[in-house]
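> Listed below are the residues making up each chain.
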Amino acid sequence: MDNGRSESINSAAIKKRLDSAKGKEFWRSIEELAETEQFKQYLEDEFPQQSRPLRQEVDRRQFLTLMGASLALAGLSGCRFLPKDKIVPYVNMPEELVLGIPLTYATAFTLGGYAMGLLAESHEGRPTKLEGNPQHPASLGAISAMAQASILDLYDPDRSVNVTHMGDPSNWDGAGSFLEELQAVLLKQKPHGGTGMRILTETVTSPTLAKQLAQLMKQYPAAKWIQYESVNRDNAIAGSKMAFSEVVNTIHHFDKADVIVSLDSDFLMNLPASVRYARDFADRRRVRKGSAGMNRLYSIESTPTITSVTADHHLPVKASEVELFARALASELGLNAGSTPLTSAVPDKWVKAVAKDLKSASGKSVVISGDHLPASVHALVHAINASLGNAGQTITYTAPVEVDPTEQLPAFKTLVDEMKSGQVEALVILGGNPVYYTLADVPFAIALKQVPFSIHLSLYQDETSALTNWHVPGTHFLETWSDARAYDGTVSVIQPLIQPLYEGKSFHDMLAMMISEPGSDFDRIHESWKAEKPGTGFENFWEKTLNEGVMAGTALPAKLVSLRADLLPALASVPFSVPAQVEINFRPDVTIHDGRNSNNGWMMELPKPITRLSWDNAIYISPKTAVDLGICKASDISKPDGGLSLATNDSHFDEHDYNSANERVVVLKLKGRSLEGPIWIVPDHADNAVTVHLGFGRTKAGKVGTGVGFNANLLRTSDASWSASGLEVGITDRTSILATTQFHHTMEGRDIIRMRDVSEFQKSPEFPKEEEDVVGSTNDPTQTAGHGEPGDFGAGGKLGHEAPISLYDGKDFKYDGYAWGMSIDLTTCIGCNACVQACQAENNIPVVGKDQVKRGRDMHWIRIDSYYKGPNVNRPEGTFFQAVMCMHCEQAPCEPVCPVAATVHSHEGLNQMVYNRCVGTKYCSNNCPYKVRRFNFYKYTAGQPDNAPGNYDNPSMKLIANPNVTVRGRGVMEKCSFCVQRINAARITSKKENRQIRDGEIVTACQQACPTQTIVFGNIADPESKVTKLKGEPHDYSLLGDLGTRPRLTYLAKIRNPNPELV
Amino acid sequence: MAQIFHRRSNTIALVSLVGVFIAPVGLILGMSGITRSPANTNVGVALDQPVPFSHEHHITELGIDCRYCHTSVEKSASAGVPPTQTCMSCHSQIWTNSPLLMPVRASYKNNTPVVWNQINKVPEFVYFNHSIHVNRGINCNRCHGPVQKMMLTYKGNPFQMRWCLDCHRNPEKNIYQSSEAKKSGISPREQVFDLYWKYQAGTKLSPREQSLADGFDDYAPSQEEVKEGEKLVEHYGVKTKQLADCSICHR
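Chains A and B are the protein sequences, given in the same order.
Everything in the first sequence is counted per our numbering, starting at 80 for the first residue and increasing by one.
Everything in the second sequence is counted per our numbering, starting at 3 for the first residue and increasing by one.
It should be emphasised that the hints constitute simulated quantities derived from the structure, not laboratory data.
Predicted model, so just to flag it, every value in this text is computed and none were measured.
Among the clues, some could well be false.
Claimed, not checked - Once the Cα atoms are required to be at most 30 Å apart in a straight line, the calculated DSBU-like pairs of lysine-lysine come out as:
| hint | chain 1 | residue 1 | chain 2 | residue 2 |
| --- | --- | --- | --- | --- |
| 1 | B | K77 | A | K1037 |
| 2 | A | K1070 | B | K111 |
| 3 | B | K77 | A | K623 |
With the rest of the complex left out, here is chain B (with noise of 0.2 Å):
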């Protein structure tokens, strides 16, 4: 009798045996690894937007504070999105014909919102604040990346809960005093700000201020750093457990 199966079938059977437990295993490893990468996460990614803002151009050509139009980020949770009149307060005087103020321009003629694409968000039942962030000197690259050399605007960071997770469980390896702030006893809050001053003078900068200009957010800070750490978690009266708490973020 002719033999059925051909010998390669042997190898087939062997193969696809071993392939039906693997290929689950593979399509979820596939599956997550597609989330967690940019083309899911848009890390790096900049998105279109009705006009094409340059961070970079203003913060460290123009030196524009971050609160010029983010005027709530130390007050309240939102940091807030300027609003038009924000905008056209310079543009009504330079660049006034440039087309691509266009949207800019309409959007105050016409009293309509202009509508920007989201990049960074965390999900509705995360509740952020900035303004806590800010006012313990978290720089804001910490979490955005380096938006003072981003022509055009994307997310530094995916925002995923580990990630919040390991500041809010060791704050000291991430709360700092800037040197300024050591000596002429800025406010945490101004040390923030102050450190794109410093990068658009040129002052060289400490490791961990160069880690946060480059938008790095895995700086390892030397055990003295985290000593002074300690001390200013505990000066800040932060309850480390507490940090982790859910109701922190969720509610």
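Chain A with its partners taken away, still in its complex shape (with noise of 0.2 Å):
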């Protein structure tokens, strides 16, 4: 640096501006608020595990024989023979076939049953890519991060190859097979119609499984099928049963409401429609210069969810608290269900200010309740929602989607009975895993010894299949032919993509087999549609349908229901009470559901919202009842400024620390039964509960989820399988690490997020730009010189701050083609992970594995910040999301620093990362302030280290790396390209059809992915492009403008439309 420069950064006016910097209102952890020394140590280590060897002193010698040593190699790496590789052209190629060119074809993911239409990129016959279907009601061409992930499952080496009997491998035909013994079971079951046979499945809503299972049971008449899941919706069908006398399915329409009130319902994530929800709720939030309207949610819930974050006013409180007011709302509404006294956790301001909200928006507001909450709660929501006139207008019932909507706890607890008791003699389980999710007082596992023969069919050799006489591999949805139903009823063909890899065998193959039905699966999907729609035109219809991915006029008709009049007097009449005791929610998980996603190395490792927990489950508490209970001391709690604090670890990297308060491992004790796991501190926790989430503790899922964190199952009865209270937490002395990317890649306190509410906005809608410190940082690409001179403190200066301080020389590129940006709307932005997964699928991102994330190495190219306000750790003002990926700065830190030119700027305005230049210096990653470039300690895609399970050298996983993106190796670097293949790939079709490139027309991948719709990308150079649109609202600000970077991607500030009545 030379003297002219240094003297003219002021260093009073850095300090000053620093001073003046909004330092901790906004905190990303408890450690980080209370700012222990550990927790800056942390900090300071960019590289944390590398960083401690180099600080032992290296004396001249030893230096020099490194160097040298590293010069030599590095020499001799650059020689090489080129490789010998072979071409293998196809025999016959496939009609439609472009070499190079990827097919795409419509195909739906099921989840519970549910169908969200997809459509599955296919190169040269491999899957690699699911995208949503913009024609399918449940996705409008999003896509969760559950659904992205599914197709690694399809390529997992874990998968179960082969029939095996009592673990021995077998086959599915031929002498002693798997289909000469279940012939001799069925002649044994014909005569007395089945009596002794049993099928389980999970939730049906396939019409083509339904027709062969009611053809089973006419053949079998005897026989049941029973369906069961972990996750059911038990308590939404009795619900239902409660208040109308019979099963609807309930639809919401977000895009209606004004007002919404989700009584612990996680609508934005864990419902069949969740990503349409998500949209619909979203497009009433896009607040924009002159039309600032936007909706209100409230949020009571009992664990922090993405739903109640994203809510305008959220009150954290026990789940039995959740009906207590539903209850008290509803008799404030005019409904009187028997209400008992509020407790301190209830004020009675917020029943009151709810209510009347809700009065003012009659006929556009929407209560929607938990799945997992009494169906005397779904029962009264309804009955709210009707007397709000709400059904009919945002809320609409219709005819079930499932072939059977019962309420399926009971059903398999009468089976495990029949199983105990021996009169079940055949059972036959078609995916599932029941005997890990059973419950604690349903001995599924003990009672299936009792059955003489019994299969399971799945994709994997999991806990069930150990116990069943015969284990059948299943297919994956990308290899078979089927039909689902979507949350509205819409019928989505599943269309396959490839061959069964293995021996694999479908549901329909396995009932085909037992109905003495002929045919293939694509054969019985097509007849079974061809008989519903009779006529001439069905091929044309089929045709479609595959091409749309949704079948035209499926969706299911409207229906109007009647209240039961005596409801309310019934519902008065159930016994409810709040119980004082320490209660425990049990939740399905985020990313892995109820298990079934355990071996999946993408869902295991992706952290989940607001605690960034990845690898493990915890049992999440809040800060003051980690305080009461006595897992942390009283001592280390109060701070002078009022604020809480909490004693921290270090112990990431050292695992003889047991002073820490976070990670301590505690004994659950409930009914009798006891379960041992860490506990995981998390702020806006609801007091004197904690939380589980199930998927976890599995025995035998495979290299990835095999003893990975603790069963809640085992905690769970089936009289309280959501939530129970009388819990007792007993402390140990001993800490259980876990794997959390919430410390990492932090950006100091600055100001970060920027927030207002909406009525603010309405007033004065310029606020980040106000804020904002930095002199000239416009969006402008085409302006030159957006900065003066270093140091030149006045030029282009607004806003009366102070000066400019660039550390570049202020010389900018100058474009004069396209220039590429991106803007990302913090209102919209709901913290769902989808962009995330895409990102990791679209980009070939390998999975590090549990000790590397510990280490701060995760690759993912996007980060989703939780960031919590205030200074109050135990209720913070709020929680808020921001997506980080790398900002492709005008004046890009990392750039100048690279002593390779291994990343530089490309004349489009992107910055490049070039991997072959890379040598691996890591200065770049120092030098960037927003973190957002990863680094390749290992060949992780290869497996290492500790064949890790992102590996793409495993044959089968070989298959599903993109083509068009360079699967990097160890030791280089590595970060967000904004998608550069896409570009790509636009930018040459559109050279070939001689036009510009259309705004729109390249969608990035997580972009695509985005339920929200809250990222945009395109052409900044564009004035009429919807990114340059965005770009000029009042409310955009970039992160860390006043770095001078000039980031190409800004966001939208948060804006919050709270009651006034109750701030």
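From these two lone chains plus the hints, build me the complex, please.
Next comes the structure, spelled out in structure tokens:
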């Protein structure tokens, strides 16, 4: 640095600015808020694990040895002989194929039976990427993280590959085979109508499977079909029966709702229609200049979810208090269903304000109840919606989507009783893993031993397969034909993209075998619909259905329902109380659900929203309750400034540190059962309650999922499968190390999240720019001298703030073509992780394993930061999400420090990363203020270290790689490229057609996946493009804009719509 | 005392002292020479193939268009190596008993692919797109050498980065319009394949076309041609600076 520049940087001015910066208004973790020494140390260690050895003295001789050796090796690695490769063409090329151009097919992903329409990309016959189907009502072009990751299961090397009998390899057909024994069993069952035969499936919506099941029941009238999944909707079904005396399907129209009250419903994340709901919800929150109206969401939640975080007001209460709130709200609205006195956690002010707001939005509001709440709450919510005039407006009812919408748990319990008493002679389990997820008081595994003939058909050899006589490998949904219904009844045909990789059999195959139905799965689906739609035009109709991914005219029509006349008295008679003891909530995990994704490395490593834990489940607990229960000491918690802080640990790198509060192993004792697990202190969790998530603690999941976390099902009982009270917490002196990314890549206490209430926005929409400390932080790429010379404090200055300080020479690129930019709207970002997962799938991002994540080496190009606001650790003023990836700065700090020019600016404003040039100095990452660069410490893509699951060298996993993106090796830096492969593809296409790239023609992977359309990408040199217009919004701001980096990615500030009466 | 070292030791000492400094340089130059030589790059070296396929026979003698086999060359990144089916469209009728075609017939019969040795290859981190080059009128031979003269197929150029950049930095020197294109307005894409028809018919070729037909990559365009090239660059909307951006080829 020359003298002139160093003099011109006014240190007093910098200090003043830093002092005035909004220091700790926003924080990411209790450790950060408390500013512990360990946390500061962690922050200083950009690459913690490697910086330790370097702190030791290196003497001159050692230095020369190392340098000499590395120079020699560096030189040698440059010379190599060209590899000898083969070309393997087709023998007969499929007609529609153009080599090198992927084909796209419409198909569908199901979760809990409900379909989400997808478009699957296939490169020369191998599916590589799933995207949402814009024509499908549950997707509208977006995709959930879980659906995105389902493609990894197809190539999972741990998948079951052959039929086994008592654990030994066997055959599907032939002598002594599975079919031979099945036929013998069926022959025995036939004479008495199959009295001893039971079929156990997960929830079924497939019309064709239903026909096969009906056929089976016709042939074996005494047989029974039972549906059971761990995450079922029993309470919603029971609630519907209670309210309407029939089972109906409820559809919410959030696009028409001004006021939404979520009673512990995570409707943005875990409903069959969540992706669609998120879109409808967000469409009412796009605050723009001149159109600043937005909806208002209240959340009453027992555990923090992305819905509660997104809400304008949220109230953390115990699960039992959610019902208390519902009853109080109903009586405030004039529906007397009996209520009990309010507790301190449920303020009267809240009930009154919410009721008033709902009344003022009659017919334009939605009250929605979480699936896990008792049936009485569901019934009450139906009554509330009816009284508000929402039914028929924002809420419609249809006939059920499920083939047989029954309460699953009672049927499952009956099955287990029958099994125990020896009445079941043949049990066919199609999918699911009941041995793992059965409730603690429903001994399915023990009962299974009494069944002489049992089959488990599934994708993996799991806990259930180990206990059945026979295991038959299943097919992935991309391997076989099927059909399924979406949340509104719309039928999608599930199209396969590839032949079964192993000897997999589908559910249809198995049932066809049992009812002696000839033909293939395709024939079955095709014939089944041909019978439904008679007439000559069927083949055209069929082709159109396959092409569009939705079957026209199959959405269920809205149905008029009427509430039971005696509903309110009936509800009043349902006994209800709020116990004083500690409660425990059981919730499906947002990544691995009920355990079905346990062996999916993408899902396992994906940091969970809010806590950003990866590779584990933990016992979530609020800071106050942690203190109350003695998990951390009283002396640890108070700070002079009135805020809470908690003792923290540095155990991420030192397993012998037992003084921590977080990660302390505790014993949960409930009704004589106990379970151990580490705690994780979650600000804003309901007090006097803990939350555990299902799906972990698998014993036979595969290389990824076995032995990860603890199995919360071991505490669930059939009378309290979602929450229970009377929990006792015993404290051990052990800790269990968790991998969280919450500490990683922290941009220290700067003004990162900008947030205002919508009323303030209407008054002064320009606020984020007013706050901006930088001068000339324009996003206009065509402007050539954005800031003045370094130290030129007045130039272009505005807002009366101090001066621009630029570490760079102030010279800008001139752009005469496209200039790529992106806008992210923090108001609509719900933190659902879909973008992170889509990016991983698109850009061949490896899975690194728990140990590497703990070391801060997670490789996701996008991270969703979550911030808490305010000084109170137990009840922060809010939680905020921010998706952060490479900002593609005009003045990118990473570029000048690269000694080999491996990261350079493109003439379209991309900050390019050239892997083949990178030598791994990591200077760029050190210099990046946004901490968005990721380094390959190992050859992660080849399964290093320790045979990690992100193994692109594995023969089956090789197939999943996107051929248009380099699979990175060890020692190179990588980061978001703005999906340059998609930009290039569009550029080439447009050039061949002699035209400009159209606005919206390039859709980045994250943008494509985003359920709320929060991410917009485009050409900011085009004044008419959508992204340019968004960047012209008054609340557009640059992250860390005062650094003068002038990012191409800017944010629209977070706007909230609080109720003045509750502020 | 007798001398320990012979007189010639002086020379040896001197030579080895100098040698210590020269040898590594020589070694490096030698090795880099080897890596750049056809011994490594295989330029001009015909590899063993299951079938001794002759481009000369099929193009020059029979007049089969490139696109008959390389079907995706104008549509996709990949030019495409033909499926066995394509070979059999003729060879089920002619040369049906030729022993040279045994592997092709076996492939078709057994539904097993013919496995060829790859001749032209860019590294995995390079993303080359055939279609855009063909659509801008860049002739096959510009990169692949005199394909229509190859009895056995060999690599025409070493495909090293500097060689790619020679064009990408100076597109005006490499984009051209043939006289037919100027006259009758055939598209740049057609001009690529037109060259082989002209070659086959023995039409007189312009110096640039002759150079392409001969498979040279060092044609020096005249000032006039460069000017025309500049006009075409403008006309096609080629942004020269963008063309040399890293992310154009590396991603």
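> Please go over all the hints and tell whether each is borne out by the structure.
Results of checking the hints against the structure:
1. Of the pairs offered as hints, the one joining B/K77 and A/K1037 holds, with about 26 Å between alpha carbons and a cut-off of 30 Å not exceeded.
2. For a cut-off of 30 Å, the pair hint linking A/K1070 to B/K111 is broken: about 42 Å separates their Cα positions.
3. For the hint linking B/K77 to A/K623, the alpha-carbon distance of about 26 Å falls within 30 Å, and the restraint holds.
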